[in-house]
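Residue numbers (the numbering used here), protein chains in the order written: chain S, 1 to 345; chain H, 1 to 309.
By construction, these hints were calculated from the structure, which means they are not laboratory data. Wrong hints could be hidden among the right ones.
[Said to hold, decoys possible] Simulated crosslink set (DSSO-like; lysine-lysine; CA at most 27 Å straight-line):
1. S:344 / H:229
2. S:202 / H:257
3. H:303 / S:243
4. S:192 / S:234
[What the hints assert, rightly or not] Label-pair restraints from in silico Cβ distances:
5. H:95 / S:305: 53 to 61 Å
6. S:113 / H:26: 40 to 48 Å
7. H:81 / S:237: 46 to 54 Å
8. H:158 / S:298: 52 to 60 Å
Glycine included, C-beta positions come from ideal geometry on N, C-alpha and C.
Here's the letter readout for the chains.
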Amino acid sequence: MKTMLKTTATGMALALTATAATAEGELVVYHWFEYMPQELLDKFTAETGIKVTMDTYDSNEAMLASLKAGALGTYDVAVPGDYMVSILAGEGLLDTIAEGELVNKGNIAPEWADPSFDPGRASSIPYQWGSTSFMVDTAVYGGDIDTTDILFNPPAELSGKINMLDSQGEVLAMAALHLGMEQCSTDREKLKSMNAMLQEAKGHWASFNSDTAKEVLVSGDAAVGQIYDGFGAKARSERASLKYAFPTQGYVVWMDNVVLLRDAPNRINALKFMDFLLEPENIAAVSNYARYASGVSGTADHLDPELATLPESNPSAEAGAGVFIEVCDEATQAVYDQIWTNLKK
Amino acid sequence: MAAGAASGGSATTDTYKEARTWLLMPAWVVLLFLSLAPVAMMLIYSFLTKEFRGGVIWEFSFAAYDQFFCDRGLFGDEGCTFEWTYMTIFWRSIWQAGAATLLSLAIGFPTAYFIATRPENVRPLWVFLITIPYWVNLLIRTVSMKFLLRDKGPLNDFLMSIGLIDSPLHIINTNFAVQLGLFYSYLPFMVLPIYAAVERYNFSLSEAAADLYASKFTTLWRILLPAVKPGVIAGCILVFVPSLGSFLAPDLLGGAKNFMIGSLIEEQFKGNAGNWPFGAAASMILLSLVLVILLIFARQQAKAEKAEG
C-alpha cells in the first residue's frame, strides 16, 4: 500500500507538471522497473523533441491499483503483461487506437498481430515477450531439471533451497501445469488437491521473493528459483552453473505490451512513442538490454547475435507447451485467492 | 492546553485571544486532514462492497468483517466457523514486533545511557552518529541487511574466519532475521527518547543511593529506571507500533512465507486479491487493537501515578 500511495502521489505531482508544460512536448510513461534503457528514451527525445517522464511499478497488480486509485489521466502509456491487458480493457482503462493512427502497425510480427488478450491490437502494441520458468544450480543438483517436480516435489538435495516468485499468478499457473489441470478450474476435487499439494510443497521452499529473484540464485542462497527468462540469462552470466528449465509439463509464457491509456494527456505523443517502438532498430535495443524477444518483424539485423542462441529463449524439443496466464471470472478467482491465502497464512 | 491556560486567567494569554483561532488552524488542519480524514475513509471503505480487481461499490456490506472472523471453507459456501487464519497472522505480527521491541530496548537503553553520560559537548556528535544510517532509504538498508546475513555473506564469513563457528549460521528467512531487521529499522526511535530522559536525570540521585549502600543494580532498578520511565515507554511505543505494520523486513528477511499484518494488507491493495474493503477492515482491526493496548497502558500509568501521589 505504501508503494501504491507513493506512486499515486508521484502521479499527482506528474499530472501537475504535465499540465504546466506545453502539451506538445511531453510524454508520461508508466513502466516496469529496470527494463527500458535510458539511451532509448534519450534517442526518442532527440528525434521528436518530446520530453519523456517515466514512473515505474513492480507488478501488474500494483499498476492496476494505482490506475484505479486515480492515476488515470496522468499517464499516456503503460506496459501491462498479457492478462493485464484484457483486465485493463475490461475495466475501461484503455483507449482505442483507430485504424491508420499507427504508421508502423504493419511491423508487428504476424503471430502477435491478433492475440487473444487484445483482439486486433485495438489498444496495444507488442513490447517484449518471454517465459517464466525456473533455474537450477547444476553444481548442487545433477539430475533432470526439466520437470515441475523440481519446484513442487523436489529431490532431497534441493529441498529447502527453493525461492518462488511472490506472485500469485505465476505460482498458481505453474502449480496447474504440474497437476495437469486447467488454470481457471471449477472442479472442486482438483482445486482441493491443488490446495493440498501446495501446502505440502511449501515445506520445501525457502522463500517467496520477486525483487531479488536473480540475486538469490547468483549468490547461491537458493539452488532453485522461479525466474523470467531474461533475468535468467543475466543470472547465468554471473553464475555459469545456473540452468534454465523447460519442464515437460509446460511453462508460463508472457508478453508485455505498450497500451494507450484512457484520458492520456498527450495522446498524439503517445502514438508517436508507439510508432517509435515499432521501429525494428529501437525495439531491438530493448531486447539487447533486457534479453527478451520482441514482437516486431525485421529486428534480426539489430539484435545482439548472442540473443538468437540464448538457452533461456530456445526451448528443447521435449519441452511442454508455453501457456499464458488466464483471466478467471470473479467466483473462480475467489477460490484461487483463498488457496493463495492458505498457502501464505 | 491553551484553554486551560486561558481559564487560569493569566494576562499573557489574552494577548493571543483574538488570533487564537487562526494560530490553532495548522494544528486543526493536520488533525483533520492528515489524521481523522484518512481513518474515517478507511472505516467507511471497510463497510463497502468489494469490486472485483480493486475498488469499491458503494453498497453497505459486512462482508469484509465476515471474511476476517468467519471461516467458510475453500469455496466460501460453508457455515461460519471461527476463522483462525487472520488471528494467527495478527498474533505472529504482535509477537515479532514485541520481540523486536525487547531487542531494541536491550541494546537501545545502554546506548542511550552511554550517550547521556558523555561530556555535554560530544553528546550531539553521538546522536548524530546514531542517525547517519537512517539517511539511507529503508528498502536499501533492508536489502543490505539481507546480503550481510545470508549463508555465504560477510557475517558468516567473518565468524568462520575467526573460528567461532564451523558451518554458516542459517539466519536469513527465519523469524530471527525479521526481528533483527525490525530492530535495526527502528532502533533510533528507542535510543532518542530514552537519551532525552536520561540526559535530564539528575545523577546526584544515583550518588545518593550509592551513599546509602544501594547496590548498582538497585540504583538502576529503583532510582534511574522509574525516573526515565516515560522515555522508555515512549521508545517502546515508537518501536512496537511501526514494527507491527511493517512489511519490508518480513518480506525481504523472513522470506515472505507467512503473511504479517502489513503484507496481508498490502496484498489486498497491490496483490491479486484486490480486496480493498477487506484491506480497510484489517487496518481498522489493527488500529483498534493498537488503540486498546495504548489505552490499557495509559490507564495503568495514571493508576501508578495516583498511587505514588
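Evaluated hints:
no. : hint                      : verdict
1   : S:344 / H:229             : violated, 39 Å
2   : S:202 / H:257             : holds, 8 Å
3   : H:303 / S:243             : violated, 65 Å
4   : S:192 / S:234             : violated, 37 Å
5   : H:95 / S:305: 53 to 61 Å  : holds, 55 Å
6   : S:113 / H:26: 40 to 48 Å  : violated, 59 Å
7   : H:81 / S:237: 46 to 54 Å  : holds, 52 Å
8   : H:158 / S:298: 52 to 60 Å : holds, 54 Å
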